[in-house]
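Student: Single-letter residue listing:
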Amino acid sequence: MLTNLLALIGLAAVPALLAVYLLRNRVKRLSVSSLMLWTERTRMVQGGGRLQRNRLPLLFFLELLILLLLVLAAAAPRILSSHGTLPLTVILDDSASMSAVGPDGKSTAERALQQLPGLLRKGRFGPVRFMLAGTEPRWLGPEAEQQLRQGRLPQDWTTRAASCDLDQALLLARSESAPGKKILFLGDTRPSTTPTGGELRWISAGLPLSNAGFIHAARSGDRCLVELQGNGAVELSLDLGGQTRTETIQLESGIPQRRIYALADPDARFEAWLPDDPLSIDNHVILLPKPPRRVGTRLSIADPDLHTLLARTVSASGLDDPGTADCDLLITDTAGTDAAENAATWFLHLHRIKDGTPFTGPFVMDRRSPLLDGISFEGLVWSADENAPMPGMPVVAAGNIPLLTRTEDLAGRPHFHLQIDPSLSTLPDSPAWPSLVWNLMEMRAAEKPGFREVNLRSGMIPEFVGTAEWSGILQPGLIEMVENGQTYQAAFNFLDAGESDLRVCGSGDDGDWNDPETLERHYVDLAPLIILVGLALLALHQWLVRREDAAIAGRAHGI
Amino acid sequence: MQDFRTWLQQGELAGQSYRLASPRRSLKGAAGFHAGSQNGVSLDFSDYREYHPGDDIRSLDWNVFGRTDRLTIKLYHEEVAPHVDIVLDASRSMGLVESKPQALLGIGALLATAAAGGNYSWNAFRLGARLARLERGREIPSHWPELEYEPLKNPGAPLRESAGVLKRQGVRILVSDLLWSTEPLGVLRRFAEGASSVVVVQLLARADVVPPEPGKYRLDDAETGESIEVFVDADTQKQYVERLEQHTQHWNDACRQTGTAFCRLVAEDLLADWRLDPLLRTGIIEHRSGGPAC
Numbered sequence: 001m002l003t004n005l006l007a008l009i010g011l012a013a014v015p016a017l018l019a020v021y022l023l024r025n026r027v028k029r030l031s032v033s034s035l036m037l038w039t040e041r042t043r044m045v046q047g048g049g050r051l052q053r054n055r056l057p058l059l060f061f062l063e064l065l066i067l068l069l070l071v072l073a074a075a076a077p078r079i080l081s082s083h084g085t086l087p088l089t090v091i092l093d094d095s096a097s098m099s100a101v102g103p104d105g106k107s108t109a110e111r112a113l114q115q116l117p118g119l120l121r122k123g124r125f126g127p128v129r130f131m132l133a134g135t136e137p138r139w140l141g142p143e144a145e146q147q148l149r150q151g152r153l154p155q156d157w158t159t160r161a162a163s164c165d166l167d168q169a170l171l172l173a174r175s176e177s178a179p180g181k182k183i184l185f186l187g188d189t190r191p192s193t194t195p196t197g198g199e200l201r202w203i204s205a206g207l208p209l210s211n212a213g214f215i216h217a218a219r220s221g222d223r224c225l226v227e228l229q230g231n232g233a234v235e236l237s238l239d240l241g242g243q244t245r246t247e248t249i250q251l252e253s254g255i256p257q258r259r260i261y262a263l264a265d266p267d268a269r270f271e272a273w274l275p276d277d278p279l280s281i282d283n284h285v286i287l288l289p290k291p292p293r294r295v296g297t298r299l300s301i302a303d304p305d306l307h308t309l310l311a312r313t314v315s316a317s318g319l320d321d322p323g324t325a326d327c328d329l330l331i332t333d334t335a336g337t338d339a340a341e342n343a344a345t346w347f348l349h350l351h352r353i354k355d356g357t358p359f360t361g362p363f364v365m366d367r368r369s370p371l372l373d374g375i376s377f378e379g380l381v382w383s384a385d386e387n388a389p390m391p392g393m394p395v396v397a398a399g400n401i402p403l404l405t406r407t408e409d410l411a412g413r414p415h416f417h418l419q420i421d422p423s424l425s426t427l428p429d430s431p432a433w434p435s436l437v438w439n440l441m442e443m444r445a446a447e448k449p450g451f452r453e454v455n456l457r458s459g460m461i462p463e464f465v466g467t468a469e470w471s472g473i474l475q476p477g478l479i480e481m482v483e484n485g486q487t488y489q490a491a492f493n494f495l496d497a498g499e500s501d502l503r504v505c506g507s508g509d510d511g512d513w514n515d516p517e518t519l520e521r522h523y524v525d526l527a528p529l530i531i532l533v534g535l536a537l538l539a540l541h542q543w544l545v546r547r548e549d550a551a552i553a554g555r556a557h558g559i
Numbered sequence: 560m561q562d563f564r565t566w567l568q569q570g571e572l573a574g575q576s577y578r579l580a581s582p583r584r585s586l587k588g589a590a591g592f593h594a595g596s597q598n599g600v601s602l603d604f605s606d607y608r609e610y611h612p613g614d615d616i617r618s619l620d621w622n623v624f625g626r627t628d629r630l631t632i633k634l635y636h637e638e639v640a641p642h643v644d645i646v647l648d649a650s651r652s653m654g655l656v657e658s659k660p661q662a663l664l665g666i667g668a669l670l671a672t673a674a675a676g677g678n679y680s681w682n683a684f685r686l687g688a689r690l691a692r693l694e695r696g697r698e699i700p701s702h703w704p705e706l707e708y709e710p711l712k713n714p715g716a717p718l719r720e721s722a723g724v725l726k727r728q729g730v731r732i733l734v735s736d737l738l739w740s741t742e743p744l745g746v747l748r749r750f751a752e753g754a755s756s757v758v759v760v761q762l763l764a765r766a767d768v769v770p771p772e773p774g775k776y777r778l779d780d781a782e783t784g785e786s787i788e789v790f791v792d793a794d795t796q797k798q799y800v801e802r803l804e805q806h807t808q809h810w811n812d813a814c815r816q817t818g819t820a821f822c823r824l825v826a827e828d829l830l831a832d833w834r835l836d837p838l839l840r841t842g843i844i845e846h847r848s849g850g851p852a853c
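Listed in order, the protein sequences are those of chains A and B.
For the first sequence, position 137 (counting from the first letter as 1) is numbered 137 according to the working numbering, and the numbering increases by one without interruption.
Count along the second sequence from 1, then add 559; that gives the number in the working numbering.
So here's chain A without its partners, still in its complex pose (with noise of 0.2 Å):
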């Protein structure tokens, strides 16, 4: 390797010395008494052009050759030393932009992988490590390590995450430091600068594309919303809820466009295409329903007060579901009913207060409980019995006296432990009550069996509510679980501005791992050797000088 590429300008030498050396040897007029002396060395001369042409003398080559180490040695060249192998930790960019296909016919990460070999052996690295940067940096197995040593694509290395993060790739490759570590990184865009200090090689393989692409896409009841970017006119393929169409659309360079689709059926899906081009991980959508979520809630309340009250309220909630047979939450007034239920049923137990003690507050609310979104109990009044038995952390209390608890029982149910006392409270009859009760029934909701969100776009993991737990490869379009042999469903859309922009691709190879203290360390100056033998040929031609200039003396003399 050379350190000093300017030395190279040193080689406007070479032309110069053949100048001198063509000028030298330029045909010359003489006229001689006689050509008789020189007819047999004429034959010779005249025998074969290409003899003709290589006459430049040896001394020629001789200076040629120590012009040409001089500068070599100006280069300062240095060469790996046995002992000084380097690690050597690559990350690729595993973002969706590395899938793009070029006219090649190869993906980005293919044209990457292409130079991988070659920088590997030239650099003859010592421990290699690989490493994909996405969302979040992740170490590659050794299967895919071999692979990506032979040049082939790992399964490992999807393309699909929504980013590339490589601000925490490089601080992962940096926690495992070693001394003189290299850093070669794969991705698809040119650096905004040029990495320096030796340790980062950034190794660029896209190509600025023209790719149309669905960049956003939301869904709320019936109406879906898509948003496109790209350049000129795409044909959309629609189906809405059966419903299929195509349209064109005239999309703007850097101008993102919003199209609006109201279904027929709001539990219909909504699909959406676009053409084949280079990235097609963005090319279609798909909208679900959010699926109806539903408590079957039992109440065993004695109090008739309260059981009216909580009856009105629950069904009040709409989220109710009086047909089914599963009791997800039990509101109870009675102790000792919390055993007989299934192992997910929820317990509101109604702790009803006699001669209570009014409060008027201000009282102590546990903020981060869900329980307590969007309530306010200012201006009410709240009657407690200091001495009623609230077990559990307190969510709503008044001063020391806990009004409102949550506990679990051994078998990891929630249990809510509720003062009330309506002839001398105003909290059924304030707006708080039924946002408490919908905000319990929709925490029971939650925890039912499905996905937390229907929709997913790039860069969301799918969250399931269920005794199984998703994992795989996020792929665009459905994803599927199934618990208590009913089937679930997500829509998985890759949506990303950035990652769909190829305009932005570019290839090329900037930073270098030329620092000083790694060239000190792991590399042998060749500059002295190559310097001594220049030197030694310098002497050489001194002698060879010497000795022809001592010959023709030597001839002229006995003449």
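Incorrect hints may have been included.
List time: in silico DSS-like cross-link candidates among lysine-lysine, alpha-carbon distance up to 30 Å [as the list claims (entries may be wrong)]:
| id | chain 1 | residue 1 | chain 2 | residue 2 |
| --- | --- | --- | --- | --- |
| 1 | B | 712 | B | 775 |
| 2 | A | 28 | B | 775 |
| 3 | A | 122 | A | 181 |
| 4 | B | 712 | B | 726 |
| 5 | A | 28 | B | 712 |
| 6 | A | 290 | A | 448 |
| 7 | B | 712 | B | 797 |
| 8 | B | 797 | B | 775 |
| 9 | A | 28 | B | 797 |
Hints are computed from structural coordinates only; laboratory data are not their basis.
Chain A is fixed; fit chain B onto it per the hints.
Tutor: Below, chain B without anything else, positioned relative to chain A:
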């Protein structure tokens, strides 16, 4: 460039320190001051021989007849006036570089002056497409005209025809770079025919002796105008020098076979100090007063 006459005068000046020596072989020529190879009428006794009818009876040694009763002729050395022909190569290669024509005129003038010092008569010749007397070539060298050089592929050819032009029984001196491909022995035999003594002076320029610096050259032949491309490197230089030495050796061998004296002079060296050691070694000239040359 200085006037050609300057170099003739310099040659004259240098030649005043020398004289042309008597050749090893006896001279023949008109009556003069040197002992000839034949018997003549000088005062120097040579030998006795038996009288043959027709001999000049004035040569009879009567004292010997009185003692031995035999007619005996007394022989005397012939006294001759020796002559030297100086042949200057006027091929274009001799005028190629500045030093060569200067040295050619200088050595010609020097030899003529040395001939005068040795009581030789002389005549200067120009070796061109034909061998021709130099105008006023018998006069002192500073009167000689400027040499005109001409392309001459083979100066050996006019030399072969020199018998009728050069004086018989005289000394002949050829000054040339000898850089022609003719077989030297044949040329020398014809050139030396009828001569009492022959000297060949190879006059080369430094550029002829030392090959050019390494590089690529288009060489133009001064005589023929032909061109060739040559890449000169150390090997080429070495081969050139070897071939020149080989060529010179051929001439040297041919000279030995024909009894011709041979020497090589380098123009630049000659012009620098007019030292004529190679020529002195041939014995053709000698210091006039036994002192060093000027």
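Student: Each of the hints needs a verdict: does it hold here or not?
Tutor: These are the hints, each one checked on the structure:
1. B:712 x B:775: Holds - the C-alpha atoms of residue 775 (chain B) and residue 712 (chain B) are around 25 Å apart, at most 30 Å.
2. A:28 x B:775: holds, 6 Å
3. A:122 x A:181: holds, 16 Å
4. B:712 x B:726: OK: residue 712 (chain B) and residue 726 (chain B) at ~26 Å, within 30 Å.
5. A:28 x B:712: It holds: about 24 Å lies between the C-alpha atoms, which stays within 30 Å.
6. A:290 x A:448: Holds, at roughly 14 Å.
7. B:712 x B:797: Roughly 26 Å separates the two Cα atoms, so the pair holds.
8. B:797 x B:775: With a Cα-Cα distance of about 16 Å, the restraint between residue 797 (chain B) and residue 775 (chain B) holds, given a limit of 30 Å.
9. A:28 x B:797: holds, 20 Å
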